[in-house]
Amino acid sequence: MASTHADSAATGPIPDNAATKTADYFDERLGFYGVAKKNLRKVFPDHWSFMLGEVALYSFIIILLTGVWLTLFFKPSMEEVVYSGSYVPLQGIHMSEAYASTLDISFDIRGGLAIRQIHHWAALIFVSSLFVHMFRIFFTGAFRKPREMNWLFGFLLLVLAMVNGFTGYSLPDDLLSGTGLRIAEGVVLAIPLVGTYLQFFLFGGQFPGHDIVPRLFTIHVLLVPAIMVALVTVHLALVFYQKHTQWPGAGKTEKNVVGLPLLPVYTAKAGGFFFIVFGITALLGGLVQINPIWSYGPYTPDQITAGSQPDWYIGFLEGSLRIMPNWETNLWGHTISWNVLIPSLVVPGVMFTFIAAYPWLEAWVTGDKREHHILDRPRNVPVRTGFGAAWIAMYLVLWIAGGNDIIATHFHLSINSITWTMRVLFFVAPVLAFVVARRIAMALQRRDRDKVLHGRETGIIKKLPHGEFIEIHEPLDAEKLHVLTAHEQPAPAELPPAVDENGVARKLKPGQKLRVRLSKFYFAEQIEKPTAEEFKEITSGHGHH
Amino acid sequence: MSEEKLPEPHSPAGALDPFADPGLPAHEPRVTDIDEKAARRAERQVSLLFVISMLATIGFIASYVSIDKYKIIDIFFFGKIGALNLALGCTLGVALFCIGAGAIHWARTLMTDEEIVQERHEFKSDPADREGAIREFQRGAAESGFGRRSMIRRTMIGAMALVPLSGVVLLRDLGPLPSVALRHTWWGKNGKNGRTLIINENTNKPLRPEHIVKGSLVMAKPEGLNVDNHDYLEEIGKAAILLIRLEPDEIKSKKQLEWSYNGVVAYSKICTHVGCPIGLYEQQTHHLLCPCHQSTFDLADDGAVVFGPAARSLPQLKITVNEKTGFLEAIGDFAEPVGPSFWERG
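First to last, the sequence lines map onto chains A and B. Last residue of the first sequence: 545 in the working numbering, with the numbers rising by one and none dropped. Last residue of the second sequence: 1346 in the working numbering, with the numbers rising by one and none dropped.
So here's chain A without its partners, still in its complex pose (with noise of 0.2 Å):
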C-alpha cells in the first residue's frame, strides 16, 4: 500500500538512475539540496477559501498564455483600412487596422475567437478572483504582522490588474471600447492645470489621434504584465517564507503549521487546480460569447450605442461618474470640473487608499506589535468585518449605479429617480452595512457563547416525566471548544491619568486621543467570551443544559 512503499522509499538506498544523476549534475553547480530538502516537504495549511489565491494567479497565467498567442495576429495599428476579410456586415468599412486584425482574430483564424473569449474570460475571473481574494485576507485578519507588505504587493496588483484590463479592453478599438477611452479622455482633460496638456500628450494630439492604440498595446503586452510578474513573484515567495496563516484548530498554534506536504499533496491539488480553472475558462471561452466587438462596429467618436457598458471592474468608476452632481466652478478664466474629478478620481482615490493602508491603521488602533498566524474568525472582530461589509457596500452602491439605463430599461422606472437613489445609498448603504455585519458578527458571537457554555441543540425534544418539553443539548467536543474560544478580546487603551505620579500635568502626544477613541470604538463593545469558571460551573451544574 502507499504508506508502505512511502516508507521504504524513505528508507531504503539511494537509487543510482538517470534522474539522481541529474540531479547530481546541477546540485554539483546550483547546491540546491539544501534547500530542496527543506522545502519539498513544505506544510501547507488547507481551507477552500485559501483557493481564491489559486483562481486569480492561475487565471493570471492563463491570460499570460492566451495574450502571447493574441500578440502574434493582433496589429496594434490606428492606420485606416478599407476591411475586406470574411465579415460580410462589415465589408467595404473604414476602420484601423487594429480592429480589423481583430476581426481577422475572430474570424479567419482558427481558433482566434476560442483564445479571444478566454482571454477575455481569464481577465473578467481574474480582477473578481482578486476582490475576494482580498476580501478573505481582510476579514480573516490575515494582513496582520507580519503580512503588510505582501498585502500592499497584492493590492498594487489588484490595481494593476484593473488598469492592465481597461488597456486591452480598448485595444481592439471598436465603437464600446473607443467610448470607453472617450470617457478616460475627459477624465484626464479635467486634472486640474495639466489636464490638457496630459491628454496631448497620452494621445499624441486631439483624441482620439493616431497613437493610443500602439501606446496601449506596450503598457498592456509588456509595461504592466512586467510589473505584474515581479510582484506575483514576490507576493508568492513572501507567502512561501512567512508560511501560511491558519484557522484556528485543535493542534494548531501561532507557533506551528498544520496541513499538507507541497510533495506530493499540494503539488497534485494545486497543480490539478490549475487545469480545472484553464479548463472551465476554456469551456466558457467556446461556450459563452464575450465581448463581441463585430456587432460594435469601428470606432468613431460621433457615434454610440444605448446601454455601453464597461467590464465589469470599470463599472464602479462609471457609476461614480453617473451619480455625481454637475458641479464645475470657472475662476479667473480657469475650469475645475468637480463633476468628473471628484467621482473619477477622488472617490476611488480614498477607497483604495483606504484598503492599501488598512493594515497600518488597524495596528496603530490596536497597538498590536506581535505576529499573527492563525486567522481571525470575521465575527470576532465586530469592527473589522462592519468596515469591510461598508467598503463592499459602497463599491456595490457605484457599481449598481453604472447600470442605472439598464436598470431603468428593464424595470420601467425613471432614471432620475434611479440616480437620486444611488446618490443617497452613497452615503447610507455604507453606514447601514457597517451596523448590520457589526450586529450580526456580535450576534454570531452571542451564538459561540451560548454554544460553548449550553452545548449544540441537537433538536431532539424530549418530554419529562412531569410533561414539561426540553431540547437536548449537547456538549461539544474538545476541538470544538477551543475554537469558538481561542480568540484574543483585547481591551480598549486608555488615556494615561491627566497628571503623571508629580501631580504635573501630562501632556499628550498628538494622535492619542484619537488613537483611544478608536480603540474603544473597536473593543469597548464586546460579548465577553465564556470563562472556564463558567463553564466548569454550568457543566457540573445537575442536568442542566
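Among these hints, one or two may not hold up.
To be verified - Computed spacing ranges between beta-carbons, pair by pair:
1) ILE1157/B x TRP332/A: 36 to 42 Å
2) VAL68/A x GLU1119/B: 37 to 43 Å
3) ALA226/A x ARG1148/B: 38 to 44 Å
4) GLU1119/B x GLY271/A: 22 to 28 Å
5) LEU30/A x ARG1148/B: 38 to 44 Å
6) PRO15/A x PRO1127/B: 41 to 47 Å
7) GLU471/A x ASP1129/B: 57 to 63 Å
8) SER1166/B x VAL68/A: 29 to 35 Å
Calculated directly from the structure, the hints in this document are not laboratory data. Every value quoted in this text rests on a predicted model; they were computed, and no experiment measured them. Think of the CB as a built atom: it goes at the ideal place given N, C-alpha and C, for glycine as much as any other residue.
Let chain A serve as the given structure and place chain B on it in line with the hints.
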C-alpha cells in the same frame, strides 16, 4: 510525523483549561487507505480521467483540421454558433479539466492525507545578527566617507535628482501642445463668419430645412470633412452636430431662436460632460439624453442641462439657409469650445 504540543501563546489558563488546545486529532484512514479494492477503483477512475483528456486533445486537433472555420450551426438554447469555435473550446476545456480532476482525485483518494506539523519561527533576527549587520553597515558607510564628506554627498544627491529630468524631457514629443485646438472645429475653417454647408451624415448630401422633420434627429457634419481625411476622427469628434425641428414658439431662448432657421436648430452632438456622442432624443419634451452618463439637455431651452452630471449647456451652432441653393448652412464656428471641460476653457 512529529506532533508537538506547544502551549497556547496567549492563553493564561493552565492545564485545567477546558478550552485548551486538545492537540492534533489522530488520523482517520479513508476507505482507499484500508481497502485495496477501493484504492484500485480510485486508480482506475484517475486513469480514466487522464484517458478522457487524451481523447479530448485528439478531438481538438481533429476539429482544428476538419471543421470549416466559417461553418455555423444552430444548437438548441445556444442559438447560431460557430462550429469550430465551439468544438475547439469544448475539447480544450475537457482536455484541461480532466487533467485537473484526475490529479485532484488522485491526491484526495490515494496520496497520504496525514497532516504534518512544522514549526514557525519569528522573523525578527536575533540581537547578535542585528548588531552585526548594523556594525557592518556602519563600517562600510564610514569607509565610504558618505557621512563625513558632505560635498560629495550633496553633489551626488543633486546629480541623481537631476538625471531623471532627461527622461521627463524626452517625453515632450509624445504629442503637440494643445494650443487652441480644443477651441475650434471644422465649422470655423472658412473664417469666423464664413458659411459651411451642412452635410447629412447618412446620405452624404446637403440638407434642406424640409429634410428636418418634427420629432426626428438628423446627424450632420461640415462639408469637406470626409472619412478619407487623415484627421477625420479628430475633427468629427468635435464637429458632429445634430439637427431637430421645433415650433418656433416652443423655443424658450431668444438667442436660440436667432441662431435657428424656421425652427430648425443645430447643436453639438458631443456631450459637455466627458465627450460621448449624445443620441437619445425624446420628442415630446425635446430632451436629449447622453447614453454614457445620462446627462439630459433641453433642446428647446438653449441646450440647458436638466439632469445628470454635465455642467454645461450643449453648444448651439448658428445656422441659416443659402438663398440661392436653399441648403442649410452654418454661420461660422461654435461660439464656445465643444465637448468636455478643460482647465484653460474658462
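Now the hints, each set against the structure:
Taking the beta carbon of each, ILE1157/B and TRP332/A are about 38 Å apart, inside 36 to 42 Å as hinted. At about 42 Å, the beta-carbon gap between VAL68/A and GLU1119/B stays in the expected band of 37 to 43 Å. A hinted range of 38 to 44 Å for the beta carbons of ALA226/A and ARG1148/B is consistent with their spacing of about 40 Å. Separated by about 26 Å at the C-beta atoms, GLU1119/B and GLY271/A satisfy the suggested range of 22 to 28 Å.
Remark: the range hint 38 to 44 Å for LEU30/A to ARG1148/B is upheld by a beta-carbon distance near 42 Å. Hint check: PRO15/A to PRO1127/B, Cβ distance near 45 Å, so the stated range 41 to 47 Å holds. In this structure, GLU471/A and ASP1129/B meet the distance hint of 57 to 63 Å, their C-beta atoms being roughly 60 Å apart. The hinted range of 29 to 35 Å is satisfied by SER1166/B and VAL68/A, whose Cβ atoms lie roughly 33 Å apart.
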